[in-house]
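Student: The hints should help you fit chains B, C and D onto chain A, whose structure is shown.
If you want the building blocks of each chain, they are given just below.
Number of protein chains: 4
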Amino acid sequence: MSTEMNIEEVQASLDRSPFISFMQLQVVSIDQDKQQIALKMPMRPEFERGAGTGQWHGGAIASLIDVAGDYALVMKVGGGVPTVNFRTDYLRPLMNTDLTATATVRRAGRTIAVVDIDVTNDEGKLCAVGRGTYLPVVG
Amino acid sequence: MSTEMNIEEVQASLDRSPFISFMQLQVVSIDQDKQQIALKMPMRPEFERGAGTGQWHGGAIASLIDVAGDYALVMKVGGGVPTVNFRTDYLRPLMNTDLTATATVRRAGRTIAVVDIDVTNDEGKLCAVGRGTYLPVVG
Amino acid sequence: MSTEMNIEEVQASLDRSPFISFMQLQVVSIDQDKQQIALKMPMRPEFERGAGTGQWHGGAIASLIDVAGDYALVMKVGGGVPTVNFRTDYLRPLMNTDLTATATVRRAGRTIAVVDIDVTNDEGKLCAVGRGTYLPVVG
Amino acid sequence: MSTEMNIEEVQASLDRSPFISFMQLQVVSIDQDKQQIALKMPMRPEFERGAGTGQWHGGAIASLIDVAGDYALVMKVGGGVPTVNFRTDYLRPLMNTDLTATATVRRAGRTIAVVDIDVTNDEGKLCAVGRGTYLPVVG
Chain A
0 MSTEMNIEEV QASLDRSPFI SFMQLQVVSI DQDKQQIALK MPMRPEFERG AGTGQWHGGA
60 IASLIDVAGD YALVMKVGGG VPTVNFRTDY LRPLMNTDLT ATATVRRAGR TIAVVDIDVT
120 NDEGKLCAVG RGTYLPVVG
Chain B
0 MSTEMNIEEV QASLDRSPFI SFMQLQVVSI DQDKQQIALK MPMRPEFERG AGTGQWHGGA
60 IASLIDVAGD YALVMKVGGG VPTVNFRTDY LRPLMNTDLT ATATVRRAGR TIAVVDIDVT
120 NDEGKLCAVG RGTYLPVVG
Chain C
0 MSTEMNIEEV QASLDRSPFI SFMQLQVVSI DQDKQQIALK MPMRPEFERG AGTGQWHGGA
60 IASLIDVAGD YALVMKVGGG VPTVNFRTDY LRPLMNTDLT ATATVRRAGR TIAVVDIDVT
120 NDEGKLCAVG RGTYLPVVG
Chain D
0 MSTEMNIEEV QASLDRSPFI SFMQLQVVSI DQDKQQIALK MPMRPEFERG AGTGQWHGGA
60 IASLIDVAGD YALVMKVGGG VPTVNFRTDY LRPLMNTDLT ATATVRRAGR TIAVVDIDVT
120 NDEGKLCAVG RGTYLPVVG
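Chains as they are written, first to last, in numbering that gives the first Met the number 0: chain A, 0 to 138; chain B, 0 to 138; chain C, 0 to 138; chain D, 0 to 138.
Since no wrong hints were added, every one of them can be taken at face value.
Here are the simulated lysine-lysine pairs, DSS-like style, with alpha carbons at most 25 Å apart:
1) K124/D - K33/D
2) K124/B - K33/B
3) K33/C - K33/A
4) K124/A - K33/C
5) K124/A - K39/A
6) K33/B - K124/D
7) K33/B - K33/D
8) K39/D - K124/D
9) K39/C - K124/C
10) K33/A - K124/C
11) K33/D - K124/B
Think of the hints as simulated: they come from the structure by calculation, not from any bench.
This is chain A alone, in the form it adopts within the complex:
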């Protein structure tokens, strides 16, 4: 029996987490063959760096990166995949835009998985990148 999740199951799994639910993440697309998932995150006032600036705080961007990297694996194994560590690089300010994170599995080994995450703005411009290491669940 396959443990792969479809787009509705991934969305339902995201929505079950209070933290992710607060982030209002929406699944844009999943591709099990490419081991890739895209998530969208709308601005909300609590995520602004400075009041009324429309600028995303870096912590919200890092949170998106962590979740997107995680779910590129979760959607495959059907369960929780703890983050070991991850790196966030900020390339450009993100202002007055939704965020889209596209996470791609670079390696899913027996002991360790590595995922790359690109974050783009509404114009598709690359604004932040992440790289995370996760512990794959042994079924």
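Tutor: Below, chains B, C and D without anything else, positioned relative to chain A:
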């Protein structure tokens, strides 16, 4: 004229940011000589990984690391210090506890600053570590 | 006057460094439009983890990643570009093979540049990845 | 039976690796209780960035960081401990000096270990820092 901030000024600066304000960060201590700041973050329902578990989501921990690292520099220069990149390592699950992040400047150069951040639980046990690179503001 | 280097100039620049010269790096290709460079590194006995195993030590792989990331920028600006920090992830053991590192600039800003580096074996299999931050030279 | 190594056993283990042997690493001290090891690395012409400059190439520094972090664990478990990933931050140029790397285990869990590595020059000044994740050997 010194640009160093005292504890009330640091707290006021934190509170002005909607994102940080939502995180309810409290300054525990600052030490300008040691270039060290400690911030406390209480649990709130929106930060739980799973509903009712009392477990912190990793994204909230990463956000705390970013802010603490940043403010170890902000309290010195008196203004914004953009994050270049940072790394978060999760060492133990954080459950049913406040978080305390202690950030220590390892190097504040002319072009780049590096800060280490330790995150402990209520018992003082080390549960996560961060390391961030920041662009110091040229006065 | 352009500061862009051609393939012979990049090779000559690599060869001038004792460390890189010892690594015996060869430029495979450069693409200024894609901001991409590929470097090849042959095994030598000093780079083995265990004697006679044919397995690369991780330190040699990390060194290759640092140099490849650096030269994706050097070939553009025509001079030294200091590394701020970099991360190395090992995905598979590298044994009895040359290494090829392909470095691609993800962002070359005014203050900070970020480069991704993929390391493959003779069969083109991805075995390690790097991500580095560099300080672009101001001309 | 303990698997802990004494200083002579650690030195002998280092010397058996062609790569580490080429680096001429010497154990300065080990402390099993503190989970800390210090290694010294002398300059050799092959490690210079530019010929005759006396400046260390960053790749050699990163290699030292990887090995020191690894051996903070190896000395405990008595066998190989693969590196998952590591980060290197350069804080100051290292010129005309030996390097000393002091590696301290921050967490040695069942599945993942995290080690911090500080690199100082002959005057004890902090010049680079590393943080590595390793897979502890299950005995």
